[in-house]
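*Asks:* The chain contents come next:
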Amino acid sequence: MTDDFVLTRIAAGDADAVQECIDRYGNLVWTIARRFTRSTAEAEDAVQDVFIDLWKSAGRFDPSRASESAFVAMVARRRLIDLVRRAERRPQTTAMPEGFDVPGPDEHHLEVSAEAALAARALQRIRPEQRNVLMMSVYHGMTHAEIVEETGLPLGTVKSHIRRGLTEVRRLLGETGAPLPNREAGE
Amino acid sequence: MNARDRARLDELLAERATQGLDGVATEELRALLAASAQGDDEGFDLAAAAIELALLVDLEEMPARVRNRLSLRGRAWARSMPGRDQ
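In order, the protein sequence lines correspond to chains B and F.
Numbering-wise (my numbering), the first sequence opens with residue 1 and increments by one.
Numbering-wise (my numbering), the second sequence opens with residue 1 and increments by one.
Be careful, since some hints might not be right.
Take a look, some chain B residues computed to stay more than 12 Å from chain F by CB distance [unchecked claim]:
id : residue
1  : 38
2  : 44
3  : 150
Stretch-level coverage of chain F by chain B, calculated; a stretch enters the list once three of its residues show a Cβ under 8 Å from a Cβ in chain B [said to hold, decoys possible]:
id : segment
4  : 1-14
5  : 39-49
Derived CB-CB ranges, DEER-like [to be verified]:
id : chain 1 : residue 1 : chain 2 : residue 2 : range
6  : B       : 85        : F       : 8         : 30 to 40 Å
7  : F       : 6         : B       : 23        : 25 to 35 Å
8  : B       : 4         : F       : 71        : 17 to 27 Å
9  : B       : 150       : F       : 72        : 19 to 29 Å
10 : B       : 145       : F       : 68        : 33 to 43 Å
The hints are simulated quantities; they were obtained by calculation from the structure and are not laboratory data.
Please read these numbers as outputs of a predicted model, since none were measured by experiment.
A virtual CB, placed ideally from N, CA and C, is assigned to each residue, including glycine.
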């Protein structure tokens, strides 16, 4: 990991950092966008929107709260979830294979953020049923109703599994619930 | 904020992080956040992003055409960036 934060430099008005941001996070955003969209053309447009959001929100990045890659993934997810909602459909995802589990450290792309390692650890700790529901929701973008249909679990249990799973990851990440600056609800 | 509102706030924050909120729920969240006097809370959003990163095994190369288009957009944006000190 590097402590040369391109987002911090963008927030300070460094124009060169904009291209560096694309070079550093282009593949990450593209990979996430491809999961959420149904076509390359749709992913292309989504990626443009994500990066504009990212540059505009660069001032909200706080390296004491999150790694830069986690912040980038958060901004990307938010934009893509919004896109999916507007289109009233769920992300294009591959079916979760039987026995699919959390990738180990050796299976990852080269640079894994600290948060990703902690999240993987949290996913390993929680009960399999809870992990399955959380992965259906976060990674496969399934709605609560779809998860109820898929698993046969009551709606309240599905919501509870998601919330508790996120809470466990958050606890490991050391989140205290303190606000990030300049963040508006539903942005 | 009472326990019931706190639970509802957590529910809405978790939903925002995983499947987004419609306009009504967004307004409800805004009201609850205002009542909580703690500002917005991105903890669940960051947790979901961390899970996303944890489950990504490989990154797909962004096509050159997309990268070039994005670079053009980036240069245009950089020329008008708010904090630019030039």
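*Asks:* Each hint: holds or not?
*Replies:* Here is how each hint holds up against the structure:
Every beta carbon of chain F lies more than 12 Å from that of residue 38 of chain B, the smallest distance being close to 15 Å; the non-interface claim holds. For residue 44 of chain B, the shortest C-beta to C-beta distance to chain F comes to about 5 Å, within the 12 Å cut-off, and the non-interface label is violated. Distance check for residue 150 of chain B against chain F: the nearest CB is about 14 Å away, which clears 12 Å, and the non-interface claim stands. Residues of the segment 1-14 of chain F lying with their CB closer than 8 Å to a CB of chain B number 3, which satisfies the three-residue condition for coverage.
Closer than 8 Å: that is the beta-carbon criterion, and the segment 39-49 of chain F has 11 residues meeting it against chain B, so the requirement of 3 holds. Under the hint 30 to 40 Å, the C-beta atoms of residue 85 of chain B and residue 8 of chain F, about 20 Å apart, miss the expected range. Remark: the range hint 25 to 35 Å for residue 6 of chain F to residue 23 of chain B is contradicted by a beta-carbon distance near 42 Å. Checked against the hint of 17 to 27 Å, the C-beta distance between residue 4 of chain B and residue 71 of chain F comes to roughly 20 Å, which is consistent with it.
At about 42 Å, the CB distance of residue 150 of chain B to residue 72 of chain F disagrees with the hint of 19 to 29 Å. Checked against the hint of 33 to 43 Å, the pair residue 145 of chain B and residue 68 of chain F passes, with Cβ atoms roughly 41 Å apart.
Going down the numbered hints, you'll see the structure goes against 2, 6, 7 and 9, while the others check out.
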